[in-house]
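Listed in order, the protein sequences are those of chains D and G. Taking the UniProt record's numbering, I'd label the letters of the first sequence as residues 1 to 291. Taking the UniProt record's numbering, I'd label the letters of the second sequence as residues 1 to 572.
Each statement offered as a hint is correct.
Subject to a maximum C-alpha distance of 20 Å in a straight line, what follows is the list of computed SDA-like cross-link-like pairs (lysine to any residue):
| # | chain 1 | residue 1 | chain 2 | residue 2 |
| --- | --- | --- | --- | --- |
| 1 | G | K397 | D | S192 |
| 2 | G | K397 | D | Q184 |
| 3 | G | K36 | G | T88 |
| 4 | G | K141 | G | Y158 |
Among chain G residues calculated to face chain D with C-beta under 7 Å, some are:
| # | residue |
| --- | --- |
| 5 | A394 |
| 6 | R399 |
| 7 | L404 |
| 8 | F406 |
| 9 | D411 |
| 10 | L413 |
| 11 | N414 |
| 12 | R416 |
| 13 | R429 |
Just so you know, the hints here were simulated from the structure itself, not pulled from any lab data. By construction, the Cβ of each residue, glycine as well, lies at the ideal position given by its N, Cα and C atoms.
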Amino acid sequence: MTLAATDAAPKDSLFSHARHIVAENPVTGLAFGLFALFALAALIGPYVVPHDPLASNTSAALQPPSATYWFGTDQLGRDIFSRVVVAARLDMIIAVASVALVFVGGGFAGIASGYCGGWTDRIVGRVSDTIMAFPLFVLAMGIVAALGNTVTNIVIATAIINFPLYVRVARAEANIRREAGFVQAARLAGNSEMRILLGHIAPNILPIMMVQVSLTMGYAILNAAGLSFIGLGVRPPTPEWGIMVAEGASFIISGEWWIAFFPGVTLMLAVFCFNLLGDGLRDLVDPQRRT
Amino acid sequence: MNMHAGANHMQPPLLEVRDLTVEFATRRGTVRAVEKIDLTLAKGETLGIVGESGSGKSVTSFAVMRILDRAGRIAEGTITLGGVDIGTAPEGAVRALRGREMSMIFQNPRAALNPIRKVGKQIEDVLIEHVQAQPSDAREKAIEVLKAVRIARPEERYHAYPFELSGGMCQRIVIALALACRPQLLIADEPTTGLDVTTQKAVMDLVVELTRARNMSTILITHDLGLASAYCDRVMVMEKGRVVETATAAEIFRAPQHPYTRKLMRATPRRGVTLRDLLPVDAAPAAAAPTAPVEGAGTPLLVVENLVKEYPRQAPATGLAGAFGIKGAAADPFRAVDGISFSVARGESLGLVGESGCGKSTTSMMLMRLLDPTSGRIVFKGEELSAIPARRFAGSKWRSRIQLVFQDPTDSLNPRYTAARAIADPLLRMGSGLSGKALRAKVEELAGLVGLPVNLLDRFPHQLSGGQKARVGIARAIAPDPDLVILDEPTAALDVSVQAVVLNLLQDLKQRLGMSYIFVSHDLEVVRLLCDRVMVMRAGRIVEAGATETVMTAPKADYTRELLASIPHPPI
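Here chain D stands alone, though its shape is the one from the complex (with noise of 0.2 Å):
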C-alpha cells in the first residue's frame, strides 16, 4: 500500500514545488497572482501612478469613470485610481505589522500554554478569554480611542484582537505535540525545554498557523479600513480604502457611485485573495507535502 520510496533524490525546489501546489489547485494560483498585484502596488505604486494622489484639483471635481480618470474623481477633483493604488502600501502595512506582532507574540503564548500547561495555560487561557469577551471591534475602537489616533496604535489594537484566535490554535497544536516521541526524544538529547518549544515544537505547528495568518491578513485589513471608516485610525487626506469609502458614502445618493465603489472592490478583492492564500501557504510551508 504504501509507496516504495524512490532512489532519485526528493529534493524538489521550492519554485518547482510551489508549481505543482499551483497546479494542483488553480484558485490557489488566482490568490497568488491577486497577492503579487498587492504586492507590486503597495512597493512601486507611489510612482508608477497617473496622478498625484493628495492634488485637488476643483475643476475635475466629481468625474466619473473616463479614459483620464479611470475609476473617476471625488469631490475635491482628486484622482480615485490613483488614491486606490497608493493607498495599497498604508493598509498592507498595518496587516502585515499587526499580523507579524500578534503572529510572534500569540503564537508564542499558546504554544509556551500548550506545551508547559499549569500556571502559563491558565494566565494565557484567562488573559484571552477576557479580549474575547467583548465585541472585538468596540474593544479595537476603545483602543484606538484610548491610545491616541496613529498607525501605530491601529496595528497594536488590530494585532490584540486578533490575539486569542493565534493563542488557540497554537496551544491546541503544541498541546497534541507535548508527548510526541519526537519531543522525549529532544528531551533525551539534552535539549532545554525552551529549545524543545521553539526548536522543535514550533516548526511543526508553522503549517497550521500559516492558514491563520492569511485569514487575519484579510480580517486586519478589514479592521483597519473599519477604524477609517468610522473617523478612528488614519485620518484624511491620506490615502486609505476605508476613509475612501466613508467619503464616498455620502454621494452614492447623488448619483456618485464610482467614489466608494472603486475602493470597496478593491478591498473586497484584499480580503478574497488573503483567504484563498490560506491553503496555498499550508501546502507550501509542510515539508510532508514535498514527497
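We have chain D already, so just place chain G on it with the hints.
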C-alpha cells in the same frame, strides 16, 4: 485440510478473484499496488495472506470489499463472490453485500467502535439495521452476541463504553459486530497486531472457532507467517503486489518453494535459531565486529533498588457528596511499578518482558529519567541518579550516558528535521563542541555505523522507509556514546526481514561500542535472540528473572509458561 482441498472441486468457490490489478493515481504517476493476482476461497476455508508492508495484501482485501479510496481503482480482473461480480456491480448492491455477505475486522479495534456509545447499543444498531432483531428483543439478542464472543458478565458489559474495555475485549466486540449478521466471508486485516500474545491467542482461537461453527470462509491478512500457518488452511505469500506462492500451511513450512518465502521464514524469530540465522543466506557474512574491550566487564553498571511508581487514584464519590462534586476520599494509590530491584552489568543485555500494562514502559521511563519514581533508588556508575529530578536531568552530565531507542520510529523523529539534523541533535546539545564539517563528518560516521546510506541523510522522515527511520533513531541514540541504551520494542513497527537486520545491527553495535542494553519487549522470541538475562514482569512486579535460556526452556512461574504457550507456532 486435505478434505477441504478435495471439496474445492465439488462446489463452486465462494470467492474467486481473477487477474486482479489495482492502480493508484499519485503525484508521480500511476502505481500498481496489486498486479494480476488470482485467489480462490472455498466455503468454510481459512486463507492466510502473508506479506510485508507494501506487498498489496490490504489493497487486495479492500478491492474485494470495494472500499478502495478515491485514488485507487480496479484496473483489470474480476472479483466474484457467490456469483455476484463485485467489480462491476452497482454501489447499492455492493453495500447490501457488505455486512450481510462479507464483513471485515480492522487492526485497531478501538478506532472501529464509536467512542461515545455503549457497546451493547452498537451491537443493537447493527442487528436492527440488518433486520436481525426488533427493538423489543434487541437488547436480549445483543447480550447473546456478547456471550457468543465470550465476554464475561455480558449484562454489565452491555453498558460499557469502548474506553472502559481492554484492547482484546474491544476486538471481541468488533468481531461480534462483524459476525452479527452471519456473513459468508470474514476478512480479518491484522486483527491482533497491537494485542498481547495471550490476548492474540484468545482472539484468534475465538475467530477460528466461530467461523468453523458457522461454516464461514475467512481471509486472515497478517505479516506474521507463524500466526498465519497456525490458524489457516492455506497460505498465500505476497511480495510487491504479486502472489509468489500459495500452498497449504503445512507444505509452506515444510518445503517453501519461492526464495521470498524462504527469506521470510528465515527472518521469523523462532526456537532454536541464532540472531545470524535470521539474515538471508546470501547476505554478506557479517565480518566479525571488532569487539571493544568492555571496561570492567561484569561489574554492575546500573543498580535498581526497590523502585516504586504510584499514581494517585480517587475513590468514586457517592450520594450527595458526588452530586455536589465533592471528591471521594483518596483511595489507595495505583502502583504501576511495585518495588522492583535488579542490576545490569557492563556489557550485558537484559530483557524486560511483559504484556501491556505490566509497568515495563513506566520502568523504562524512570530509568531514562523522564519520570520521577515515587520511591526507590536508581544507582548508575555509583551515582544516585534518582536524586536528580527528571525536570533537570536534561541539563545533567549523566544525560548522555543513558539513551533510548523508541518503539515507533515515525513518531520519534521530528517531521521537520532531516535525518542528519536528527542525528546531530544530541551532539549539538550535549557539548560535543562539534560544528560545521566536523559535525557532518561525525553524523556520516554514525550513519555508517548503523548502515544508513549517506545520500539519505538529507531526507525528511516521511521520505524514509520504516527500517531507515529505525536506523536514524538508533544512530541518534548512540551519538553521545552512551553506556546504557534502553531499547523500547525497537522492532515492533518493522517488517520481519527488516527486524532481522535491525536486531543484528544492534548486536554488532553493542559489541563494537561496549554498551549495555535493556531490551523492553512483549515478544519473548525476540528477547531470547538478543539478551543474556531476562526478567518477566506482571502487574508491576518481577515474576521471574534469570538466564534467558533457563527461563525460556524451564520456566518456573506459571505466567511465563502461559506467555510461552501463547506464541503461535507453525504446524511442524
